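Note that the protein sequences, when read in sequence, are chains A and B.
Here the first sequence stands for residues 1 to 224, numbered as in this note's numbering.
Here the second sequence stands for residues 1 to 432, numbered as in this note's numbering.
In short, the hints are calculated from the structure, not lab data.
Since this is a predicted model, take the numbers as computed values, not measurements.
The beta-carbon is built from N, C-alpha and C at its ideal position, and this holds for glycine as well.
There's no promise every hint is true.
To be verified - In silico BS3-like cross-links for lysine-lysine, where the CA-CA straight-line distance does not exceed 25 Å:
1) 7(B) to 115(A)
2) 14(B) to 131(A)
3) 127(A) to 7(B)
4) 131(A) to 304(B)
To be verified - In silico contact screen, one side only, chain B against chain A (beta carbon under 7 Å); selected entries:
5) 1
6) 8
7) 9
8) 12
9) 341
10) 345
11) 348
12) 425
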Amino acid sequence: MSLLELKNVSKIYGPLKALDNVNLQVENGEWLAIMGPSGSGKSTMMNIIGCMDKPSLGEVILDGVDIAKESGKKLTEIRRDKIGLIFQQFHLVNYLTAVENVMVSQYYHSMPDEKEALEALERVGLKDRAKHLPSQLSGGEQQRVCIARALINHPEIVLADEPTGNLDEANENIVIDLFRQLHREGTTLIVVTHDPEVAEVAQRTVVLEHGRLVKEIMNESFET
Amino acid sequence: MFFRMIKGALFRQKSKMIMIAVTIALGSSLATAMLNIMLDVGDKVNQELKAYGANITVVPKENSVLDSLYDLDDGSETAAAHLKEEDLGKIKTIFWGFNILDFTPFVNTAVTLSDGSTAKLTGTWFNHHLALNTGEELDAGIHSLRSWWEIKNGQWLDEQKESIPANGALIGSALAERLGVNTGDTIEVKTAKGSQSLQIAGIYDAGGDEDEQLFTLLPVAQELAVAKGLIDSIEVSALTTPDNELARKAATKGPAALSPADYETWYCTAYVSSICYQIQEAIPDSVASAVRQVAESEGTILDKTQLLMILITILSLFGSALGISNLVTASVMERSNEIGLLKAIGARDYRISGIVLTEIMITAVVGGVAGYFMGYGFAQIIGHTVFASSIEMKPMVIPLVAVLIVIVTLAGSIPAIRMLLRLRPAEVLHGR
Ligand SMILES: Nc1ncnc2c1ncn2[C@@H]1O[C@H](COP(=O)(O)OP(=O)(O)OP(=O)(O)O)[C@@H](O)[C@H]1O
Ligand SMILES: [Mg+2]
Numbered sequence: 001m002s003l004l005e006l007k008n009v010s011k012i013y014g015p016l017k018a019l020d021n022v023n024l025q026v027e028n029g030e031w032l033a034i035m036g037p038s039g040s041g042k043s044t045m046m047n048i049i050g051c052m053d054k055p056s057l058g059e060v061i062l063d064g065v066d067i068a069k070e071s072g073k074k075l076t077e078i079r080r081d082k083i084g085l086i087f088q089q090f091h092l093v094n095y096l097t098a099v100e101n102v103m104v105s106q107y108y109h110s111m112p113d114e115k116e117a118l119e120a121l122e123r124v125g126l127k128d129r130a131k132h133l134p135s136q137l138s139g140g141e142q143q144r145v146c147i148a149r150a151l152i153n154h155p156e157i158v159l160a161d162e163p164t165g166n167l168d169e170a171n172e173n174i175v176i177d178l179f180r181q182l183h184r185e186g187t188t189l190i191v192v193t194h195d196p197e198v199a200e201v202a203q204r205t206v207v208l209e210h211g212r213l214v215k216e217i218m219n220e221s222f223e224t
Numbered sequence: 001m002f003f004r005m006i007k008g009a010l011f012r013q014k015s016k017m018i019m020i021a022v023t024i025a026l027g028s029s030l031a032t033a034m035l036n037i038m039l040d041v042g043d044k045v046n047q048e049l050k051a052y053g054a055n056i057t058v059v060p061k062e063n064s065v066l067d068s069l070y071d072l073d074d075g076s077e078t079a080a081a082h083l084k085e086e087d088l089g090k091i092k093t094i095f096w097g098f099n100i101l102d103f104t105p106f107v108n109t110a111v112t113l114s115d116g117s118t119a120k121l122t123g124t125w126f127n128h129h130l131a132l133n134t135g136e137e138l139d140a141g142i143h144s145l146r147s148w149w150e151i152k153n154g155q156w157l158d159e160q161k162e163s164i165p166a167n168g169a170l171i172g173s174a175l176a177e178r179l180g181v182n183t184g185d186t187i188e189v190k191t192a193k194g195s196q197s198l199q200i201a202g203i204y205d206a207g208g209d210e211d212e213q214l215f216t217l218l219p220v221a222q223e224l225a226v227a228k229g230l231i232d233s234i235e236v237s238a239l240t241t242p243d244n245e246l247a248r249k250a251a252t253k254g255p256a257a258l259s260p261a262d263y264e265t266w267y268c269t270a271y272v273s274s275i276c277y278q279i280q281e282a283i284p285d286s287v288a289s290a291v292r293q294v295a296e297s298e299g300t301i302l303d304k305t306q307l308l309m310i311l312i313t314i315l316s317l318f319g320s321a322l323g324i325s326n327l328v329t330a331s332v333m334e335r336s337n338e339i340g341l342l343k344a345i346g347a348r349d350y351r352i353s354g355i356v357l358t359e360i361m362i363t364a365v366v367g368g369v370a371g372y373f374m375g376y377g378f379a380q381i382i383g384h385t386v387f388a389s390s391i392e393m394k395p396m397v398i399p400l401v402a403v404l405i406v407i408v409t410l411a412g413s414i415p416a417i418r419m420l421l422r423l424r425p426a427e428v429l430h431g432r
């Protein structure tokens with residue numbers, strides 16, 4: 001059984017169909033890229049998969065549970081336990097240090113553990129920046145803190161909405177390398193991107209247009 | 001972690017928190033000042049109102065009926081019955097003796113002046129020093145009971161001065177003008193019992209009938225009118241509790257009509273009627289009655305002052321609640337990204353609300369404590385400017401203010417918390 005399955009999913013805003021009858025399966029451990037022009041419904045789809053929004057129609061089955069039917073409280077639990085989120089705007093708590101920002105995620109999941117949080121920062125190459133506030137970090141460093149935070153509770157699935165949209169080439173490569181590592185460790189990855197280079201490194205790319213899935217490309221030269 | 005987050009939020013957003021604390025401090029200082037003044041003001045206002053004179057008069061039992069029937073109390077006739085001067089001190093020994101602020105005896109008589117006209121002469125205490133059997137000492141007399149008198153010329157008779165002339169007197173401004181006398185002059189007064197020359201120590205302006213009178217020392221009038229040791233009436237100024245249902249019942253039906261429990265309550269409350277009753281018990285063959293207007297207006301003025309203070313307190317707290325709600329809402333709005341993020345990574349609503357509320361409550365405590373001390377200052381300033389004395393800080397105000405601050409802060413945070421609960425992470429996190 002797939003880890004994630006969207007069946008005839010639509011999201012309707014008045015006259016607009018942000019998602020129009022989307023069907024998609026994502027296997028456990030897969031690395032999927034989603035591309036498409038602006039306004040094609042990529043973020044809408046990520047919000048639904050990430051349990052932050054509900055579809056107007058259709059089923060979204062994550063790990064055997066139809067999240068379209070769950071209550072807000074249950075969705076919060078699923079987000080907490082199964083999903084790691086990474087955004088284009090980094091979204092760190094600006095009055096907490098890097099390591100505290102990672103610990104916040106542990107705190108709401110189970111127990112904050114500073115040692116573990118520091119290890120996560122070390123993994124993204126930021127051990128020496130642990131005590132800095134977000135305002136004292138570069139964009140690339142902030143995004144790496146976000147990645148460390150997304151990974152700290154070992155989520156089954158990591159959702160990244162344009163994670164490299166605000167980064168330069170060098171930082172983009174660091175992030176891609178981190179995704180490679182995650183993939184090797186078996187984490188399922190869904191990455192929304194405008195950038196063909198970021199899409200190319202994924203196993204499979206799907207393209208959205210006007211809320212519809214119009215194309216699916218398998219990456220023949222995919223290497224782990 | 002909770003405390004690290006609180007600490008971060010408090011210390012790294014200092015200016016915002018200081019604004020909230022200042023708002024709360026203002027509310028709390030006003031509440032503190034007003035509540036303390038309100039609790040202390042009863043005494044203060046009563047002391048002020050004492051300036052308007054006595055609120056109880058005591059006359060001999062036999063005369064009281066005649067007096068009130070024919071209104072003979074104009075000094076034109078010498079009353080038939082008398083009270084004893086030696087009983088005066090007993091007024092301070094009643095159950096509510098502590099509430100007796102001042103009192104003075106009167107001996108009234110009509111005197112014939114040298115030009116053949118008549119005038120009323122009153123013998124009384126001016127500032128008589130009393131040493132009671134109980135060991136208590138006090139100064140009693142009309143100097144404080146007639147504090148509104150304006151001495152236009154000369155000065156008050158000071159009974160505690162060695163040099164006071166035994167025949168010293170104060171003369172009303174109207175009478176002095178009629179007779180053309182001045183301070184230092186002497187005038188002859190005559191009654192059936194004899195004559196006496198009075199030395200004018202001062203001229204007062206009372207703004208009423210008393211301007212046609214002479215006031216002299218008690219022994220002088222006793223000799224001219226009655227006899228040593230006898231007096232006609234007593235004026236008493238007492239602190240009283242405003243009348244309520246029970247007091248009115250006791251006043252109209254008499255204390256005997258009260259149930260034993262009611263009687264007990266009535267007797268042990270400083271109603272003007274129970275104080276009168278106790279004075280009658282203390283002074284044989286006397287009738288004590290309230291001078292209505294004064295006694296009642298004291299109560300109402302007090303009630304109105306306190307109502308005003310309560311309104312000011314409510315308004316100031318309402319103002320701070322509005323201020324807090326603005327500031328907290330603005331702060332939550334500013335932090336909507338952060339709150340959306342916390343929700344996205346799996347924080348439940350109550351945990352986020354808990355953090356925001358804890359931050360605000362800590363700020364409120366800081367502001368509240370600062371406000372309490374500011375309020376202490378305000379209370380003293382108001383006390384000194386309005387009542388010319390310091391305000392005693394009542395400990396019970398502290399929990400009261402604390403509870404009010406908590407309520408006001410929570411009430412002020414409601415809009416922000418509602419906003420926080422409504423906030424959906426999807427709407428803030430993708431940068432729309
Ligand atoms: N809450 C909403 N109410 C109304 N319309 C919405 C709402 N959210 C999204 N939309 C619309 O749905 C469509 C898809 O939006 P979405 O954010 O998913 O696009 P996107 O593919 O992520 O675009 P971009 O690449 O610019 O991020 C857009 O036309 C958008 O205006
Ligand atoms: Mg988008």
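Against the structure, the hints come out as follows:
{"no.": "1", "hint": "7(B) to 115(A)", "result": "holds (20 Å)"}
{"no.": "2", "hint": "14(B) to 131(A)", "result": "holds (19 Å)"}
{"no.": "3", "hint": "127(A) to 7(B)", "result": "holds (23 Å)"}
{"no.": "4", "hint": "131(A) to 304(B)", "result": "violated (60 Å)"}
{"no.": "5", "hint": "1", "result": "holds (4 Å)"}
{"no.": "6", "hint": "8", "result": "holds (4 Å)"}
{"no.": "7", "hint": "9", "result": "holds (6 Å)"}
{"no.": "8", "hint": "12", "result": "holds (4 Å)"}
{"no.": "9", "hint": "341", "result": "holds (5 Å)"}
{"no.": "10", "hint": "345", "result": "holds (5 Å)"}
{"no.": "11", "hint": "348", "result": "holds (6 Å)"}
{"no.": "12", "hint": "425", "result": "holds (5 Å)"}
In this structure, the one hint that does not hold is number 4.
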